[in-house]
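Enquirer: Chains as they are written, first to last, in this note's numbering: chain D, 1 to 239; chain G, 240 to 671.
Hints were generated in silico from the structure; no laboratory data involved. C-beta atoms are modelled at their ideal positions from N, C-alpha and C, and glycine is treated no differently. Be a bit skeptical, because a hint or two may be false.
What the hints assert, rightly or not - Partial selection, computed: residues in chain D whose CB lies under 7 Å from chain G:
#1 N6
#2 M22
#3 L170
#4 T211
#5 K221
#6 L224
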Amino acid sequence: MLKIKNLEAGYGKLRVLKKVSMHVAPGEIVTLIGANGAGKTTLLSTISGLVRAAGGEIVLQGKNIEKTAADKIVYQGCSLVPEGRQVFATMTVRENLILGGYVQHRKGNKNFRDSLDHVYELFPVLKERSGQLAGTLSGGEQQMLAMGRAMMAKPALIMMDEPSTGLAPLVVKAIFRVIKKLREEGNTVLLIEQNAKAALSIADRGYVLETGKIILQGPAKDLLSNNDVQRAYLGRDVG
Amino acid sequence: MYWEEDKECISRADLEQLQLERLQATLYRVATHVPFYRKKFRELGIDPENFSSLDDLRQLPFTTKQDLRDNYPYDLFAVPLREVVRIHASSGTTGQATVVGYTENDIKNWSKLIARILTAAGVTKDDVVQIAFGYGLFTGGFGLHYGAERVGASVIPISSGNSKRQIQIMQDFRTTALVCTPSYALLLADVIEEQGINLASMSLKYGLFGGEPWSEAMRNEIQDKLSIIATDNYGLSEVMGPGVAGECRERKGLHLNEDHFLVEVIDPDTLEPVAPGEIGELVITTLTKEAFPVIRYRTRDLTRLIAEPCLCGRTLTRMERVLGRTDDMLIIKGVNVYPSQIEEILFEVEGTKPHYQIVVEREGRLDKATVLVEVVESLFFDRIAKQNELIDLIKKRLATELGIGVEVKLVEEKSLERSEGKAKRIIDKREL
């Protein structure tokens with residue numbers, strides 16, 4: 001699905017990503033964990049085309065996209081759920097979702113009803129609030145809206161940037177339940193999280209990013225029991 | 240039957256991606272946590288952050304057995320000891336031993352790789368597996384043990400030795416799979432024959448053999464005598480233990496677990512890679528080891544890689560059975576013996592000359608080693624009693640040092656063959 005080889009990116013002279021290699025296979029939830037400033041968001045922005053790669057390769061479904069413009073990447077089946085939701089506050093929930101379906105519309109798929117119904121099924125609360133302005137939703141609901149909006153594009157790969165940020169533990173649980181459900185439906189998810197424990201407990205595999213380098217990778221449950229990960233990201237003092 | 244089909248039948252492109260990811264993380268970890276590698280990389284001007292292709296591997300330094308000895312016991316560990324849950328050591332004695340460690344994840348991976356090998360050989364959870372490898376510092380016993388439990392088989396941790404008891408248990412417990420060295424399997428076969436035990440009364444179906452080199456002829460003999468399917472497996476404690484490679488039922492070479500080990504075959508003299516399919520020294524880089532990662536470890540084992548796809552469907556490259564060793568290390572009765580160890584002892588014993596020869600042969604099924612020692616002329620014509628005293632002394636010293644019993648014979652000065660000034664130290668008469 002997604003293959004990244006030796007990806008390098010940065011801002012000006014600052015080198016943020018240093019030869020990052022990773023992959024996501026179809027139907028997997030892969031999580032990338034790391035502390036603040038490790039380069040997680042830069043990695044997602046580079047995959048999405050918002051930040052230009054300075055070197056290396058990004059292959060999405062067999063096609064190189066490291067030089068592709070951000071809008072074209074969405075058409076190639078890769079949707080981003082940005083950090084901090086970024087829903088269109090002055091539009092209704094339904095309008096937000098329809099905007100997310102724009103890609104499908106342009107592809108000639110005029111019938112967005114199915115996608116809309118599917119999103120409503122995943123997030124019943126969005127249906128209840130469909131006429132409400134997005135800005136009036138709670139944080140958790142906005143997160144669901146942002147995810148629903150990304151789903152409307154029927155992406156092959158959904159990338160989520162810190163979906164748990166600023167949400168109450170109970171809401172985080174609900175969000176992660178939906179992510180798990182997305183996988184059960186055959187979706188592929190790349191999940192970026194600071195909440196390493198929650199992310200690793202639903203993911204199949206994980207990568208640990210530290211100062212722009214992948215320092216550990218493996219099955220998510222192995223990373224959960226890795227002492228380095230425990231110390232650095234799970235806030236547990238071992239030994 | 241596969242244990243992990245997605246890995247054992249992985250496409251070459253996916254495998255290379257996985258290997259690169261794991262190698263980059265491994266290099267970063269050794270450069271950060273192991274002073275030995277950090278220093279070596281710095282000396283050679285290697286920045287692991289710039290490592291971008293599997294072909295770059297060739298620029299990296301080799302790791303040798305001597306490096307492991309120099310860093311005895313824990314200096315090559317990449318994690319603090321409190322994260323290590325198991326310690327093994329290679330056969331050898333003080334000074335020669337090398338120590339390796341495992342984290343919880345290492346043990347998990349190890350079990351998984353052994354499970355692959357057992358599954359490839361035909362073992363399932365319905366089998367009763369008798370593990371006649373030594374349990375202890377040697378990796379053989381525990382390595383196979385955990386993998387067999389992982390498969391769900393019923394494991395008999397009988398350890399090595401006591402052939403009659405082995406056979407009794409094999410009969411009583413209805414053992415279906417035997418795990419040991421090939422020479423021990425042959426010995427057991429002989430005892431079974433001697434005792435007139437009807438093979439039909441036994442349940443044995445599979446034999447998984449490793450720990451020493453053996454031949455196709457020996458395989459055929461074992462298979463005939465025990466009427467089992469005998470497969471070969473390979474590993475060494477320095478990179479993990481058994482589980483590095485193992486044969487499938489095709490029995491045409493051992494599938495290397497390439498998602499955990501990156502292998503190269505080099506010319507041991509020029510250190511350059513040999514042409515594809517040529518014989519050379521196997522060099523292994525670990526890709527997932529946490530406690531004891533090694534970069535380009537020179538195994539000293541000679542083999543060649545088989546590029547043709549295997550009929551079993553596994554895409555993991557095969558290596559031919561180990562054809563020999565690049566150095567002069569001898570494996571006698573499963574124990575690693577270096578001529579230099581013997582030399583050292585002889586130097587210390589008064590009356591002997593530093594000229595000696597080690598003759599290794601098979602007596603029946605077992606190895607027998609005899610050390611021929613040149614002694615000073617005066618002593619050679621001395622009384623028998625004095626000679627015997629000397630023999631006993633050397634025997635005792637050798638037994639303590641090597642951990643195995645060897646025969647000792649005194650010979651006249653200059654009676655041992657020398658060619659171009661270099662002594663021929665080893666005469667290996669064993670026919671595998």
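Enquirer: Now tell me if each hint is right for this structure.
Expert: Right, here's what the structure says about each hint:
| no. | hint | verdict |
| --- | --- | --- |
| 1 | N6 | 4 Å, holds |
| 2 | M22 | 6 Å, holds |
| 3 | L170 | 32 Å, violated |
| 4 | T211 | 10 Å, violated |
| 5 | K221 | 9 Å, violated |
| 6 | L224 | 10 Å, violated |
Taken one by one, the earlier hints fail for this structure at numbers 3, 4, 5, 6, listed in ascending order.
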